[in-house]
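Engineer: One letter stands for each residue in the lines below.
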Amino acid sequence: MKNKEKTEKITETTPDEEASKEMLPLNHLKEAVVAQYGDDARLILDSIDEVEAILLRREARAKGEFDDAKAIIHLSGLSKKYESAGMTPVDALKEVDLSIVQGEMVAVIGPSGSGKSTLLQMMGALDVPTSGGARINFQELSEMNTKELTQFRSQTVGFVFQKFNLIPNLSALENVSIAMESTKMNRQERRSRAAELLKEVGLGKRMSHLPGQLSGGEQQRVSIARALANHPKIIYADEPTGSLDSKTSRTIIQLFDTIRRDFNTTIIIVTHNHTIAKHCDRTVKIKDGRIK
Amino acid sequence: MESIIRGARNVKRKPGRSVGVVIIIGFSLAIFLTSSIVASSIEAQAANLEDSLGRTIVVTASDASFDSSATISEDILNLTNNMSQVESVQTFVTEVDRSGISAILAQGGPPNPEALRAAVRFISGQNLSVELEGFVSEELVLVDGRMLNESDSGSYNVLLGVEAAFSSEIGVGDSLELEGVSLNVVGLISGEVFQTNATILMSIDIAQAITETTGFDKVVITIDSIELVDDTMNFLRSEYGDEVTVQTASDQQGDDIAQSIDAIGGNADLGAMAALFASLLVVGFIMVIITKERVNEIGVLKAIGLPNSKIVTQFLSESIFMASLGFVVCILITLVAGPMIQTMLIESGSNDASSAEEESTPQQFQPGQILNPTPESSSMDSITSLEFSVDGESILTSFGLTILIGVIGALYPILGALRMQPAQALRYE
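Here the protein sequences line up with chains P and U, keeping their order.
The opening position of the first sequence corresponds to residue 1 in my numbering, with each subsequent residue numbered one higher.
The opening position of the second sequence corresponds to residue 1 in my numbering, with each subsequent residue numbered one higher.
Check the hints yourself; a few may be wrong.
[Claimed, not checked] Okay, the calculated beta carbon distance ranges per label pair:
1) P:G204 - U:R13: 37 to 45 Å
2) P:M185 - U:L270: 41 to 49 Å
3) P:L210 - U:M340: 53 to 61 Å
4) U:I23 - P:H274: 26 to 34 Å
[Said to hold, decoys possible] Only some residues are given here: those of chain U computed to face chain P with a beta carbon under 8 Å:
5) E2
6) I4
7) N10
8) A209
9) V295
10) P307
11) K310
12) I311
13) E347
14) P422
15) A423
Quick caveat, the hints were computed from the structure, so don't treat them as lab data.
Computed from a predicted model, the values in this text were never measured in an experiment.
Yeah, the Cβ is synthetic: ideal placement off N, Cα and C, and Gly gets one too.
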């Protein structure tokens, strides 16, 4: 992926002039190293930057420097109860409070049935909570009508599902471009952007293939490309590597890293994989519908 | 537009399932289309037949039998010639030729039933006027030679029933001696009843000469307007009193024909209704099933932010496209199998009625009733030999129903899925 801009230190405070003065010589040094040692050096230096950013964020959060009002995701007292006729009601989520800022990559972990997927669905407006509030991208979901929710799902968030959920009769290209149908882009523009996204996830030569003709990893990459189609602020990934082998899983997580770095996208990943969880800015543990 | 194209493309991309669905839709609709075409045709033809039978007056001698002289005076021809409302007049004479029977009985001993039956022959005469469009009865089948026509009036050319021909060992081109008169056999005929197959059919004036009779056993008068039938019948009754029986063909034979028509028409209507119900059920059910199995897909489309309107458009276009293809298959099946289905429907109806007819006619067979006394258009054959033709109205109606069923069948599950939250639809199985 293109290295569009450097990741800035994520604090809610205004960048210090002194600090920015110090950055400039460092940037020049970095470019000199890359000029001498090539693109491989750039990759190493970018990784160092990223780790540094993660540590800075964690430090800022530990100091309480994040303001809930500026959180891109803010849940307060969120609950979800499933009720079916003749069956015992199930409390999938109980009084969940959670704040996540722009650009964070958060892992949600917990045992099976703990409410991880339900939490993601509430945040992504795929379902309606029984009580409590969800403010996503500074919009209260409960105050949105059907049309606004549809637009929210199209423009603000992107979903990556464990079982990929690609449309079986559509090619990879069509699966990505369909996500842009509610925008003002014309057909040619949509297809062009879809092609560009598929190339970026390494599927430039598989665009015309149907999902059934793609491997699990390839399908998941199509799913990621689809999720990115409308430049969402937030990506929700529900067990994105659950059906994949370890090597493919690493590829997928690297993709997420790149997305987060290049676009400052907030990424929420539901996972059982502690390695992936350690890779994230922070981990949210959930058990029996409550955040621990 | 994209949604419509995607819908049509989805049908193309699942050829196995689509072909199966299209064939089922086509087949079930074809049965309905054929039945409704048959029902409409029969209804139209029955109306014609009813009109025709209603306009046909049958005058029979009250004491007519095969052993009595014809008793309707030839004056009736003068009377009818002066009636402007009369379209045509057919006259009949029939007698039993006893020459063969007498010969067997003269041999003595107990009569041999088979030999007696083989010896029975009837002398039947009919006027061969050109107004009758030739010597036509739908029930007669020309087995060999040719039919009689107007030019045979007054000649000794005759048609011989196949049983009479077989028992006498006479064929086309042979001569037949009858009461000292030499008759030329120009054709062999067969019909549905024994008496037709045992008849010697000739011009009426020759029949009258051979049987030494005057007048007619039966006169069939066709009136050009049904409104004038009653007046004509009353007039004839007033002229002939108790000597003759005057009734319409529908009164005389109408019950049997009406029963046949009712049975055939009833079968066709029943077939059409049953087929319609089955089509609605089958097509609607198929659409519901194939849409319900894609509720999950609808959930995905909702989850990625596709508006409901685009989702509905896509699925409806798929459904309409498939229903339309099914309709094309329906037309093809109808054109190929329609005539066979029509035959089945008609035969099943006419079998019920004709068995009742057969019970009543042989013993009560009246002179002059060997041949169908009514014009061709009034014969039951006009129903049973209906040509199968697909009309525009039936096609349009069937097409409209096809699309309607396709739309409703698809809409029902779609709307249900759209009411769900995306997560719910994604979990749907």
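Engineer: Look at each hint and say if it fits the structure.
Structural biologist: Verification of the hints:
1. P:G204 - U:R13: 37 to 45 Å: 23 Å Cβ-Cβ, so the 37 to 45 Å window is violated.
2. P:M185 - U:L270: 41 to 49 Å: Because 57 Å falls outside the window, the suggested range is violated.
3. P:L210 - U:M340: 53 to 61 Å: Given about 42 Å between the Cβ atoms, the range is violated.
4. U:I23 - P:H274: 26 to 34 Å: About 54 Å separates the Cβ atoms of I23 (chain U) and H274 (chain P), which means 26 to 34 Å is violated.
5. E2: 6 Å, holds
6. I4: 12 Å, violated
7. N10: 5 Å, holds
8. A209: With a closest approach of 86 Å, the A209 (chain U) hint is violated.
9. V295: With a minimum Cβ separation of about 13 Å from chain P (threshold 8 Å), the hint on V295 (chain U) is violated.
10. P307: 5 Å, holds
11. K310: 6 Å, holds
12. I311: 10 Å, violated
13. E347: This hint is violated: E347 (chain U) lies away from chain P, its Cβ roughly 47 Å from the closest one there, beyond 8 Å.
14. P422: 4 Å, holds
15. A423: 4 Å, holds
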